Structure formats: C-alpha cells, structure tokens
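Based on the provided sequences and hints, a complete structural model is requested.
Protein chains: 2
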Amino acid sequence: MIRGVYCASATPLNDDQSPDLGALADHARALVADGCDGIALLGTTGEANSFSLTERRTILEAAAKAVGPERLLPGTGVNALPETIELTRHALSLGVNRVVMLPPNYYKGVSDEGLFRAYAHVIETIGDNRLRIVLYHIPQVSGVPIGHDLIERLVTAFPGTVVGIKDSAGKIENMTAMIERFPGFSVLAGADPLLLPLMGQGGAGCITATSNLVADSLATVFRHHADPIRAAEVAAAQARINAFRDLSNSYTQIPAIKAMVAYRHGRSLWARTRAPLVPLSASELAELKDRLIAIGATVKDLAA
Amino acid sequence: MIRGVYCASATPLNDDQSPDLGALADHARALVADGCDGIALLGTTGEANSFSLTERRTILEAAAKAVGPERLLPGTGVNALPETIELTRHALSLGVNRVVMLPPNYYKGVSDEGLFRAYAHVIETIGDNRLRIVLYHIPQVSGVPIGHDLIERLVTAFPGTVVGIKDSAGKIENMTAMIERFPGFSVLAGADPLLLPLMGQGGAGCITATSNLVADSLATVFRHHADPIRAAEVAAAQARINAFRDLSNSYTQIPAIKAMVAYRHGRSLWARTRAPLVPLSASELAELKDRLIAIGATVKDLAA
Numbered sequence: 001m002i003r004g005v006y007c008a009s010a011t012p013l014n015d016d017q018s019p020d021l022g023a024l025a026d027h028a029r030a031l032v033a034d035g036c037d038g039i040a041l042l043g044t045t046g047e048a049n050s051f052s053l054t055e056r057r058t059i060l061e062a063a064a065k066a067v068g069p070e071r072l073l074p075g076t077g078v079n080a081l082p083e084t085i086e087l088t089r090h091a092l093s094l095g096v097n098r099v100v101m102l103p104p105n106y107y108k109g110v111s112d113e114g115l116f117r118a119y120a121h122v123i124e125t126i127g128d129n130r131l132r133i134v135l136y137h138i139p140q141v142s143g144v145p146i147g148h149d150l151i152e153r154l155v156t157a158f159p160g161t162v163v164g165i166k167d168s169a170g171k172i173e174n175m176t177a178m179i180e181r182f183p184g185f186s187v188l189a190g191a192d193p194l195l196l197p198l199m200g201q202g203g204a205g206c207i208t209a210t211s212n213l214v215a216d217s218l219a220t221v222f223r224h225h226a227d228p229i230r231a232a233e234v235a236a237a238q239a240r241i242n243a244f245r246d247l248s249n250s251y252t253q254i255p256a257i258k259a260m261v262a263y264r265h266g267r268s269l270w271a272r273t274r275a276p277l278v279p280l281s282a283s284e285l286a287e288l289k290d291r292l293i294a295i296g297a298t299v300k301d302l303a304a
Numbered sequence: 305m306i307r308g309v310y311c312a313s314a315t316p317l318n319d320d321q322s323p324d325l326g327a328l329a330d331h332a333r334a335l336v337a338d339g340c341d342g343i344a345l346l347g348t349t350g351e352a353n354s355f356s357l358t359e360r361r362t363i364l365e366a367a368a369k370a371v372g373p374e375r376l377l378p379g380t381g382v383n384a385l386p387e388t389i390e391l392t393r394h395a396l397s398l399g400v401n402r403v404v405m406l407p408p409n410y411y412k413g414v415s416d417e418g419l420f421r422a423y424a425h426v427i428e429t430i431g432d433n434r435l436r437i438v439l440y441h442i443p444q445v446s447g448v449p450i451g452h453d454l455i456e457r458l459v460t461a462f463p464g465t466v467v468g469i470k471d472s473a474g475k476i477e478n479m480t481a482m483i484e485r486f487p488g489f490s491v492l493a494g495a496d497p498l499l500l501p502l503m504g505q506g507g508a509g510c511i512t513a514t515s516n517l518v519a520d521s522l523a524t525v526f527r528h529h530a531d532p533i534r535a536a537e538v539a540a541a542q543a544r545i546n547a548f549r550d551l552s553n554s555y556t557q558i559p560a561i562k563a564m565v566a567y568r569h570g571r572s573l574w575a576r577t578r579a580p581l582v583p584l585s586a587s588e589l590a591e592l593k594d595r596l597i598a599i600g601a602t603v604k605d606l607a608a
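Protein sequence lines correspond, in order, to chains A and B. Taking the numbering used here, I'd label the letters of the first sequence as residues 1 to 304. Taking the numbering used here, I'd label the letters of the second sequence as residues 305 to 608.
Treat the hints as calculated values from the structure; they're not laboratory data. Check before you lean on any hint, since a few could be wrong.
[Said to hold, decoys possible] Under 8 Å between C-beta atoms, here's a sample of chain B residues computed to sit facing chain A:
{"no.": "1", "residue": "S354"}
{"no.": "2", "residue": "N383"}
{"no.": "3", "residue": "A384"}
{"no.": "4", "residue": "P407"}
{"no.": "5", "residue": "E417"}
{"no.": "6", "residue": "A422"}
{"no.": "7", "residue": "V445"}
[Unchecked claim] Using C-beta positions, here's what the derived DEER-type ranges look like:
{"no.": "8", "chain 1": "A", "residue 1": "Q140", "chain 2": "B", "residue 2": "E456", "range": "58 to 64 Å"}
{"no.": "9", "chain 1": "A", "residue 1": "Q140", "chain 2": "B", "residue 2": "E537", "range": "14 to 20 Å"}
{"no.": "10", "chain 1": "A", "residue 1": "E124", "chain 2": "B", "residue 2": "G474", "range": "36 to 42 Å"}
{"no.": "11", "chain 1": "B", "residue 1": "P501", "chain 2": "A", "residue 2": "Q140", "range": "50 to 56 Å"}
{"no.": "12", "chain 1": "A", "residue 1": "E124", "chain 2": "B", "residue 2": "K604", "range": "31 to 37 Å"}
{"no.": "13", "chain 1": "B", "residue 1": "K604", "chain 2": "A", "residue 2": "N14", "range": "53 to 59 Å"}
{"no.": "14", "chain 1": "A", "residue 1": "G109", "chain 2": "B", "residue 2": "K604", "range": "29 to 35 Å"}
{"no.": "15", "chain 1": "A", "residue 1": "E180", "chain 2": "B", "residue 2": "A424", "range": "48 to 54 Å"}
Only a predicted model underlies this, so the values are computations on that prediction, with no experimental measurement involved. Built from N, CA and C at the ideal position, the CB exists for glycine as well.
Written out as structure tokens, the structure is:
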C-alpha cells in the first residue's frame, strides 16, 4: 500500500515563468525535513497542466536529484494518451515507480468503458510491472469523476498496478465506501480537513496542498491518530492544518498557497503563478502576512 | 473577417491508433469539393486533445499538403501555454495563419484577468502580425467560457489578431449579443441548427461537425440565406442538416459522426476513436446504416 503524508507541492517560477529548479529542490528538502513521506509534485497545486512535457520532465529530474526518486509521486496523466505514456515512462526511467494519474479530461460525460480503455491502453503499452498508479478523483476541476465501478474493473484487471486513489472531492462518505469495497487499496485524502476522520476509517494518508506549509502537523495526525494518549495533540495538529487551509481558501487557493510558501521561505518568487492563475495582489499579500501571523505562522520577510 | 462554412473535421485512425494521413487527405479534398470554405481540423470533433503535439503537427502538415494552408483553421490551444505557442508557431511556419484557440482549461472558474493574461502571453510571445485567432467558446466541454468582457479586452488589446469566435454553446442570444457589441468580429456557429438563424442576424458562418457529411447543404444556407427566391431551397438544406445532426446526437456525438463518415466513404477505419471516446458497437453501426438511408443519405458498404 501507498501510505503516508504526501505533499502536493507547488512549483516555483523564475521571472521569465520557467520553473525555478533551485527553489524547487530547496522546498522538496524542506518538505522531507517537515516529515513528509513523499512529494506528489506536478499535480493540480503544482500547476502541472500549465507546463510543457519538456518542463515537466525537467521538474521531475530536479526533484529526484534533490530528495531521491523513491520519495516522489508525480502526476503523469494528461489528455493525450501518448503523452501520458511518455511522461510515465520518463518517471520509470528515473526510478520513480509511483505516479498519480489523471484520466484524460477534455471530454466530459465519457463512459466507464472509455476511461477503462484509456487507463488499460496506458498500462499495457508501458508494460512495466514496477509501475504503481494512484488514480486521481478531482471532479470539481477535471470534470471527469472516477467512479467505484471503474475502480473495480481497474483493480481486477491490473492488480498490483492500480493501487490507490487520491480523492480530492472532499466527501468522506466516498472515501469510506472505497475503503470498504476495495481491501488493500490506498485511499488518500486530497482535502486536508479530512485526514483525521479518514485515518479513523482505515485511510492510507493524504496528498494535500496545505502540506506545503504544515506537513509537520499532518505527520502528527497520520502517525498518532490512533493513540488515545496523544488525542489532544492530534486534535490540535488537525486544527492548525484547518486554519492554514481555511486561510488559503479565503483567496484563490493555489495562488494563496504559493504566497504562503513565499512567506514561509522569505522568497517573493514563490508567489508567482502561470496564467490562467493570477498571483495575489500586493494588498492581498500584505493582508495575508497579517493573517498568517494571526494563526501563529512563522513569517519571513520577502526577498527576491 | 473570417466568413464561410468550415468543417470541424474528424480524424481517421489506423489500426494502431495512429492518424491515417492518407484517409485524412482524401476527406479534406472531399470537404473542399462539397463546398467548404475551409477545414477547422484539430478541434473537439477532431479529437485534437487526444493527440500528442507531434501527432498534431503531422496531421496539420498532411492537411496543408492536401488542400493548401490557406484553407485551414486548426485548433492550437492546449492547457500549457508553451505548447500553445509551439503549435501556433508551427501552423504559421506552414503558412497557416488562422487558428482556433481554446483557452487553457484544466482549471475551472478562472478569472477574466487570468484568461486575458494567457491569451496575451501567447500572442505577445509569438509576435507575428500574420496571426489571426478565433476564440473557442465551448463551455459544456472545456468548462471555461469566453465571456463578452474578456472578448472586449482582447479585441481592444489585439485588434487584427483576435478576429472571431467559434460559439459552440448553442445559444443564439449569446451570438447575436456578440455581433451587436463587436462590429467586424466574426461570430461562427458551432452548432449546425443555428447557421440559418445566425446568418439572418449578421453571423459570419459556421464551424460544425455535421459538415463532415452535409457541407453542401451548409454552403447552400450560407450563400443563399438572404435570397427570398431560394428560401424554400435554403429551408430544405437546413432541414437536411438538422436531420443529420439529430441522428448523430442520438448516439454519443463524435463516435456517431465518425461512423457516419465511415458510411459516407465506405471505409470502416473511420469509425475508430481514441479513448476515452468509444466507437459505436456493431449493432449501433448496423442500426445507424438503416437510419442514414431513412434520412436520404448515400451509404456505401464498409470496407477496410
């Protein structure tokens, strides 16, 4: 099983909008030091779909060099299956065997048969038994939900390859239903507030955006959720996570997460985003600083 | 202005799922013979987002060789702006100056500011005054509508470059509002039944799926809609278009259009689709044949 706290890490940008690989490596090392079990880079928070295939490969290589390929869980699913295959093969070539795979998501309302064929084509074409795939259910963004009947078909056809799901839809009932129906399948919360309730139901951990900031608290919840002696500590950790999450979600989430990372590291470049996302304004940045301090964050002054 | 009947052409596949460039070239020539003013390949009907960048370039080159670059209006908008730039530059390098450009559409609910920055980044980076962009409004698929205030900003900032819109949302009111607000801006119907009403309101033409089959009728509507002596002929042409459209939409639309093209050319390969789309079943194909005959289509027996 894939278990643990994984960071849906953000991607820093140079002034010319290219990925800042040095800042990326620094952040990856900081996340491991925080207690992340791994880094789920190149997901929705990582603006993966805003980068070219070439840039995605470069980002993955820099992260693998910084913290080792075995810690990484990159997104490799795009709309065109030949490119999903190319990105997944590239990951495997680096020793990155575990990936999070979006379904092709341009067309909406597609059938389970069509999605099954898409995943099957990718898995069979790659034909590498090292590969471990975490499905990605984020219908509010992708527009293409991953339903339970589809999962049943995939885990039956490809046991040992289709091993889990990142569920970012934010509904605990959907996650507990998958835990019950698919024994040994890793159900990972994509929404930070659900880590503690999910662990109580047999969940496998999380892949979340707020872990760019408070992975230490997520690690506390993950490791000690079942220890009654530490219940107060665990509850406090989850409350801290939720405070950071609520703060980011009071703005546009991804630009706010990046701005919060900017204050964490004291580096203004982190606040940049790629269009169609828009960075926080100067006044929002100033306000965010005060609000971070109010929730107890350690805030560094911003330098280039 | 970009005026006329453009075919949102489907893309034929070999048995190994690669694009069949020979069948593509044959179809492109047939569409011109039907009376299409041009071919809007690599759109939603063309399964553009299911092809890699390399495949898209190959498809465009084959079409340009078949019917000439000046007849083409390819889709070049993808989620990653560096790749939108790459595809658009490639089109320009072939002498294809007019493109249909989807906005980046992975993220939903993005601001007009973000979409403006995305288009502006692409246009300014390319920096080629030959470029003519048709925006692509298909919110039921892309999830990212193109609103009127965004159009206002784009046509003001980039007059002569942002020259029109393909509106596939199917609402005549939205199209007439754009015609009134943006003089000289080409409003093209993406939905076949709206060609005749749109032309009566000052529309510029259409880019539609059914034109893979009945572009001759669409050309009749486009050319003679204002001629009272030919009103009955025009109405009959629009009725024929609508019958083909209703038939395709009684199945999953794109697989049905491809199956209808298969019967048009008598070539079974045309019925293939790429996942996540699923071809019509054998029984659906047989039924479709009868239904095509019932609406007066010329149907050829299928051969490989």
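Status of each hint after checking the structure:
no.: 1; hint: S354; in the structure: holds, 6 Å
no.: 2; hint: N383; in the structure: holds, 4 Å
no.: 3; hint: A384; in the structure: holds, 5 Å
no.: 4; hint: P407; in the structure: holds, 7 Å
no.: 5; hint: E417; in the structure: holds, 5 Å
no.: 6; hint: A422; in the structure: holds, 4 Å
no.: 7; hint: V445; in the structure: holds, 6 Å
no.: 8; hint: A:Q140 - B:E456: 58 to 64 Å; in the structure: violated, 29 Å
no.: 9; hint: A:Q140 - B:E537: 14 to 20 Å; in the structure: violated, 48 Å
no.: 10; hint: A:E124 - B:G474: 36 to 42 Å; in the structure: holds, 38 Å
no.: 11; hint: B:P501 - A:Q140: 50 to 56 Å; in the structure: violated, 35 Å
no.: 12; hint: A:E124 - B:K604: 31 to 37 Å; in the structure: holds, 34 Å
no.: 13; hint: B:K604 - A:N14: 53 to 59 Å; in the structure: holds, 57 Å
no.: 14; hint: A:G109 - B:K604: 29 to 35 Å; in the structure: holds, 31 Å
no.: 15; hint: A:E180 - B:A424: 48 to 54 Å; in the structure: holds, 50 Å
In this structure, the earlier hints numbered 8, 9 and 11 are contradicted, and the remaining ones agree with it.
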